[in-house]
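**Student:** Protein sequence lines correspond, in order, to chains A and B.
Taking my numbering, I'd label the letters of the first sequence as residues 281 to 452.
Taking my numbering, I'd label the letters of the second sequence as residues 281 to 452.
Treat the hints with care, since some could be wrong.
A pair counts as met if it fits within one copy or between any two copies, since identical chains are not told apart.
[What the hints assert, rightly or not] When the alpha-carbon atoms are kept at most 30 Å apart in a straight line, the in silico DSSO-like pairs for lysine-lysine are as follows:
#1 K318 - K407
#2 K409 - K310
#3 K368 - K446
#4 K446 - K409
In short, the hints are calculated from the structure, not lab data.
This one's a predicted model, so the numbers in the text were calculated from it and none came from an experiment.
This is what each chain is made of:
Protein chains: 2
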Amino acid sequence: MSSSPQFSIYSASVPVFRQILNSLSAILAKAEAHVEAKKIDPAALLQYRLYPDMLPFTRQIQIAADFAKGAGARLAGQDVPPYEDTEKTFADLQQRIAKTLAFLDSLPQSEIENSAGRAITTGSGEKTKHFDGQTYLLHYALPHFYFHATTAYDILRHNGIEIGKKDFIGTY
Amino acid sequence: MSSSPQFSIYSASVPVFRQILNSLSAILAKAEAHVEAKKIDPAALLQYRLYPDMLPFTRQIQIAADFAKGAGARLAGQDVPPYEDTEKTFADLQQRIAKTLAFLDSLPQSEIENSAGRAITTGSGEKTKHFDGQTYLLHYALPHFYFHATTAYDILRHNGIEIGKKDFIGTY
Chain A
281 MSSSPQFSIY
291 SASVPVFRQI
301 LNSLSAILAK
311 AEAHVEAKKI
321 DPAALLQYRL
331 YPDMLPFTRQ
341 IQIAADFAKG
351 AGARLAGQDV
361 PPYEDTEKTF
371 ADLQQRIAKT
381 LAFLDSLPQS
391 EIENSAGRAI
401 TTGSGEKTKH
411 FDGQTYLLHY
421 ALPHFYFHAT
431 TAYDILRHNG
441 IEIGKKDFIG
451 TY
Chain B
281 MSSSPQFSIY
291 SASVPVFRQI
301 LNSLSAILAK
311 AEAHVEAKKI
321 DPAALLQYRL
331 YPDMLPFTRQ
341 IQIAADFAKG
351 AGARLAGQDV
361 PPYEDTEKTF
371 ADLQQRIAKT
381 LAFLDSLPQS
391 EIENSAGRAI
401 TTGSGEKTKH
411 FDGQTYLLHY
421 ALPHFYFHAT
431 TAYDILRHNG
441 IEIGKKDFIG
451 TY
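The following block holds chain A by itself, in its conformation from the complex (with noise of 0.2 Å):
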């Protein structure tokens, strides 16, 4: 169909991480008004893990942040900026999803819709992985993202938050 919108790799990468970080944000508001509200301290829930081996709920944002990151960067050939996992308070983890919006925002959507053979390495010794961009996005970058996503917001949701699924969709 000559009328089809054009399917890339750019639409399928930066406004999909965009659309869940808006998300997350908005999570992250009624969260903070939740634990103002009950007189809770925040660290209930910041701190919180589903399991003592898993990581708790500021890990999860901070890491799902970071697969936005680290996604957009490498498919616009470029290197990840390193961000610092400081963060303490609701304000701290807006500022990094803000900061990750913004960075997301200064890619050139050019070089990223030539990404999808682009040559991309992970980690490093033993953890190195080596991808193209479009299975770098696809099967690795995405899973992950949505993985710590989900993940934060089953945190906040098994701890009473009033949020639903329509809160983790959000708006595209």
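We have chain A; now place chain B onto it with these hints.
**Tutor:** Just chain B, lined up with the frame of chain A:
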């Protein structure tokens, strides 16, 4: 780059659903083995919810599989085959996943490749939604699919099943 693999709506859909559905099948096998080894009532996991008004494990698997089936069918321009939600055991859920994988394998790749601009409708009545194929896949079907697949994983993890993120990412 002339050597780039083609980035296509087929590659962003069926092989991705296949990857994560296969992961869920492997995770189900580990959960069933755990239940047998510990002599736990399987329903303790199959009906477990992370919060009273969340859906239980069995429904998370059914719905994840249904988003894969629905996305595959709609992108291929086919009616979505209804599957009854009658699963009661781990073996039943394995069959549900196997049936879904076989359905995805049956879909004509060429039809899906043409689907970025295909008009897609989901739901009925007040819940009717209209999409083009690309928006439907990237911003609706895949987020919902990952949401339910990850929540199924989180339910098992929260209950001490020895699985890790590698089991979720699986092979691709």
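**Student:** Could you run down the list of hints and mark each one as holding or not?
**Tutor:** The hints, checked one at a time:
When the C-alpha separation of K318 and K407 is checked against a cutoff of 30 Å, the pair qualifies neither within a copy, at 43 Å, nor between copies, at 34 Å. In this assembly of identical chains, K409 and K310 lie within 30 Å of each other by CA distance solely across copies; the values are 26 Å between and 37 Å within a copy. Taking the shortest Cα distances, K368 and K446 sit within 30 Å of each other both inside one copy (27 Å) and across copies (28 Å). In this assembly of identical chains, K446 and K409 lie within 30 Å of each other by CA distance solely across copies; the values are 14 Å between and 35 Å within a copy.
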